[in-house]
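Visitor: Listed below are the residues making up each chain.
Number of protein chains: 4
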Amino acid sequence: MIIVLRPLSTEEQIGHIVAHIENLGLKAHLSRGEHRTIIGVIGDEEVLRNAPLAAVPGVEQVLPILKPFKLASREFHPQDTVVKVGQVLIGGGSLGMIAGPCAIESYEVLDEIAKSVRAAGANILRGGAFKPRTSPYSFQGLGERGLQILREVGDKHGMPVVTEIMDPRQVDLVNRYADMVQIGARNMQNFDLLKEVGQIRKPVLLKRGMSATVKDLLMSAEYVLSGGNTQVVVCERGVRSFEDSTRNMLDMSAVPNVKGMSHLPIIVDPSHATGRPDLIPAMARASVAAGADGVHIEVHSCPEKALSDGAQALLPSQYMAVMADMRRLAEVVGKTIS
Amino acid sequence: MIIVLRPLSTEEQIGHIVAHIENLGLKAHLSRGEHRTIIGVIGDEEVLRNAPLAAVPGVEQVLPILKPFKLASREFHPQDTVVKVGQVLIGGGSLGMIAGPCAIESYEVLDEIAKSVRAAGANILRGGAFKPRTSPYSFQGLGERGLQILREVGDKHGMPVVTEIMDPRQVDLVNRYADMVQIGARNMQNFDLLKEVGQIRKPVLLKRGMSATVKDLLMSAEYVLSGGNTQVVVCERGVRSFEDSTRNMLDMSAVPNVKGMSHLPIIVDPSHATGRPDLIPAMARASVAAGADGVHIEVHSCPEKALSDGAQALLPSQYMAVMADMRRLAEVVGKTIS
Amino acid sequence: MIIVLRPLSTEEQIGHIVAHIENLGLKAHLSRGEHRTIIGVIGDEEVLRNAPLAAVPGVEQVLPILKPFKLASREFHPQDTVVKVGQVLIGGGSLGMIAGPCAIESYEVLDEIAKSVRAAGANILRGGAFKPRTSPYSFQGLGERGLQILREVGDKHGMPVVTEIMDPRQVDLVNRYADMVQIGARNMQNFDLLKEVGQIRKPVLLKRGMSATVKDLLMSAEYVLSGGNTQVVVCERGVRSFEDSTRNMLDMSAVPNVKGMSHLPIIVDPSHATGRPDLIPAMARASVAAGADGVHIEVHSCPEKALSDGAQALLPSQYMAVMADMRRLAEVVGKTIS
Amino acid sequence: MIIVLRPLSTEEQIGHIVAHIENLGLKAHLSRGEHRTIIGVIGDEEVLRNAPLAAVPGVEQVLPILKPFKLASREFHPQDTVVKVGQVLIGGGSLGMIAGPCAIESYEVLDEIAKSVRAAGANILRGGAFKPRTSPYSFQGLGERGLQILREVGDKHGMPVVTEIMDPRQVDLVNRYADMVQIGARNMQNFDLLKEVGQIRKPVLLKRGMSATVKDLLMSAEYVLSGGNTQVVVCERGVRSFEDSTRNMLDMSAVPNVKGMSHLPIIVDPSHATGRPDLIPAMARASVAAGADGVHIEVHSCPEKALSDGAQALLPSQYMAVMADMRRLAEVVGKTIS
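Protein chains in written order, with the numbering used here: chain P, 9 to 346; chain R, 9 to 346; chain F, 9 to 346; chain G, 9 to 346.
In short, the hints are calculated from the structure, not lab data.
Since the list gives no way to pick one copy over another, a pair counts as held whenever it fits inside one copy or between any two copies.
BS3-like, lysine-lysine: derived pairs with alpha carbons at most 30 Å apart: (1) LYS75 <-> LYS35; (2) LYS223 <-> LYS75; (3) LYS78 <-> LYS313; (4) LYS35 <-> LYS313; (5) LYS203 <-> LYS313; (6) LYS343 <-> LYS78; (7) LYS75 <-> LYS313; (8) LYS223 <-> LYS313.
Model the full assembly from the supplied sequences, consistent with the hints where possible.
Guide: Put into structure tokens, the structure is as follows:
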């Protein structure tokens, strides 16, 4: 950590700051420049990070040097983590191809969709039983009945299943039915929920919040990892921006950016990122080319009758074409779809 | 709602869309322009909003006309809502001046701060017992012991108290101690939590999410209102932006913008919005001049020893100066601080 | 265009609006809904767009239906435009691979870089003679001497050359030396400059502004096209965002988004978009997979001695590896590098 | 400047970096921490800023310490600069109240508007003769005829006049007619234009770019100041954001933020910032309360017939009410309107 002092700081102020640092059990290292004095602080980063040094008189800026996460960092764990969802691998050269409807509506509809995405080559089935809706008057999901349907349909088609959890009180329930638990973008910093899923031993799909930086995303992963659950896959799903022709802005550079900083697998969700079926195939291709460990796409057999987000779903025939592209690109980048 | 068709839509597509609309019990009204056909759809807005019309072939855009919230709208409730926190009024000409430390650290520290902000003219005491921290290794708050301290100190100084709630399982507990319950920015779209606080009968301070539009904020208020809790105060606390010299960007226009769309009181939190004590006094003045119903400021008697966000807290003496400004401005805009 | 009236608009207001529309030579089409009256306006879009209908009393919103650009739209010109830079094609299945240093520093340095990028497979040489620098104290480019060096080095290695123009007074000068003229991000809405390059008959590389939407970008292309210069290539180079670990945020979805709305070729510049050499190769791959018509990369033989933006340049050996990837991906997506 | 090295940097790399720094005539100051080695670099900041140290192998981050502007900084010039436009003062306790139409349309219309804003208390008249329009098909301004009208009307009503300049070739022309020259948001980083207005001796009104940070804005002011023109007023006019209910987001904290970093006056333009007449009065009040040195508001006597941006203009009667507020607030904050 580096502390930059204001111009014309007095010797008394400098002495007070140095004493403050040393009281915390840290070492201070002064450099007196022409315009500014700077202090390098050496010692336990956790102590440092929580010390409110910026509030000390005479301090202009406090610049952290180390990344604020540890268990999620590649320095801590240099090899790629491979997450196993049922028998499907995500990471380390294996692509997780997650597909399914936004919300689970009925056994029949989910069964039809699952059959088609399985045939296309998807290896994990998704579907929402608890839905985060901006309006209290919108369809909120089938709840436990939805989880039962998801489990049955997943088993029938030999696909592990992933579903969103929104409330710490639902963890036991969802854990009974799902192979992978999703934390949605709106809950990426719901820290009590993160702590609860840190206690279970199922893989977690952690979506990036709409205004989260890549570091914020990895800090949220750190919450789960620090609870003892090492099976975390992060997901880029677009962030808020001024661009008004897409639902969000897909930050494709997050893929190599996360891979540089962390050992965790990262997948991309072009459905939520763009909100536009016409852009999804190109973004799915770009994701795999960029090095993503999987792609998450919403598919519905009848988007115009879907109870949630139908307008952004691909038709099964469109998904089939996307998966053909995925296989060709996987080969070029040296990866496989199990 | 208005549906814009793609150029060269066929009569068959138009017929299909019209049939789809009429099946939902709505009326379709066609206008054929030179380049585009548009369809005005008339009927129950809730049916409309949830119908995935954008997924119907031939549809280019779906443009909603009405605002997506109802109970929070000024059309539904033309007069200003006045929220009562203990004996303190917020809204309708009364300013809520909320002050206190970020986190509750001990009885002694909170007591010292409360005494000073009360003397300066604050009328509601704040303090966090459960803290949303981006790092799992940071101080997470004192929990129930913190709530007890807050209650005791508030009672001693004759101030109602507000504190943050992060988890639906904490609602009963916090409800026992607090006069007003805060939903933080990171939980603005934690819908299960919003539903729970919709069930209690304590005022709610709902902070704007870091990437929430003004409409998103009012939709989240709608969740609480639709549960039957009519005592909601919304709070502008800055949004994420590219500007890197302030912690967030304070969207001051949200004050008159919310007041135009909604009857709910709105206050401003310049502490979190700027993260810089040197900017807080000017932003507090601007808030009252813009028509805000109150100002929320973090105050700490020793920012350099604070366990959370000390660097953005004002000193008691600085807060005293801010409150002197607040009284002069309140007079100019015809408001009072109870 | 659709006009939404305020609730409780009077018949007199409605009559005034209709009269106003008809005075402009347009037709008004009323739909009276339960909550709102809406007016569809039919006629010449240009007249409409410039009529300040939102200022008429009783009007709540004015919703445009048609895109604001015409010559740049795919509806106007359904086939892909292919731009020819010297003998190199961009668009229609041909990839433009533009490479070179940020600034032209000397004949020797540019010659060395050109030789290496040519060997790697680049087909257009870039280099700045006039540099837009945020500080007036930074190196501002070699000016005409830089243009001469660029021309000589391009000719020596058989590569057409592209260079930035910043001032309408430089158009004749730059036109004498360059095969393609670049408008930088900061000048995307320098309309006098756009008008001037609309008058020449050299291809234009138009970079997206840092806060420009995709529609803004195409509107700026429209300025050039409406001057009679039909050879425009647009370039995604990242936009401003809150993410602080990359220089800008690369909006990869702009590639298929532009291709859907426009016939113009679009290339991607991952160097400026990310500012990080470690992310450039992955973003170059993703660009081609997403359907881009080319990639623009800064290369320098000695980044640590570069006079401008050295920190984001690739080394020649790194560029060689990128180009190997480009060739494999070009094959997968059915494109060629001439 | 501080250089942070990558973990596990070799002694050879460290030696290379230190040698590189010393070759530039600077001094290197090493601090070896537990996890990282950092190097403080001391010497001439301009040399430093332009040295591409981030490209040197082994370097992880380069952290600048000093602000990149000098002439614009408060450290260089501690007292507030007061800018004189005709006989009107802006800064140092005097408020510049700039009002007028977006575009100059005719002598009669401008005369009518000028008369009303003068009566209301405005002290500087604005009007555009050259208009930056996103569409090439929109009204582009009257050009020199507009400048003549502006000069005549300003003289008639005893008001100095300000108008926008977009092209370096217009500087002499505009300089002949205007008392103050405006650089619009889209040209804030049109560096050739900034250099040209740095050569004249008329006050410059420099508007913040839509994605410019406060530091970027002050760097652009530095371009003008470094040319020898010391009369610069900067203007906050909103930045691009995800909020879709206002045209831009007014960054009100820029007012005290600029005042802390710079001696230059800052005014606010709530017309362009919000694009909504209903929000302008509250934002004008907030600006003065926040410490702004003036307010810039578009006023039109018949917004529904305006040729440019009519929808965001206030009516003369609305402006009269705003000015009444301005006078009361000026008194509270100890300022005067000359």
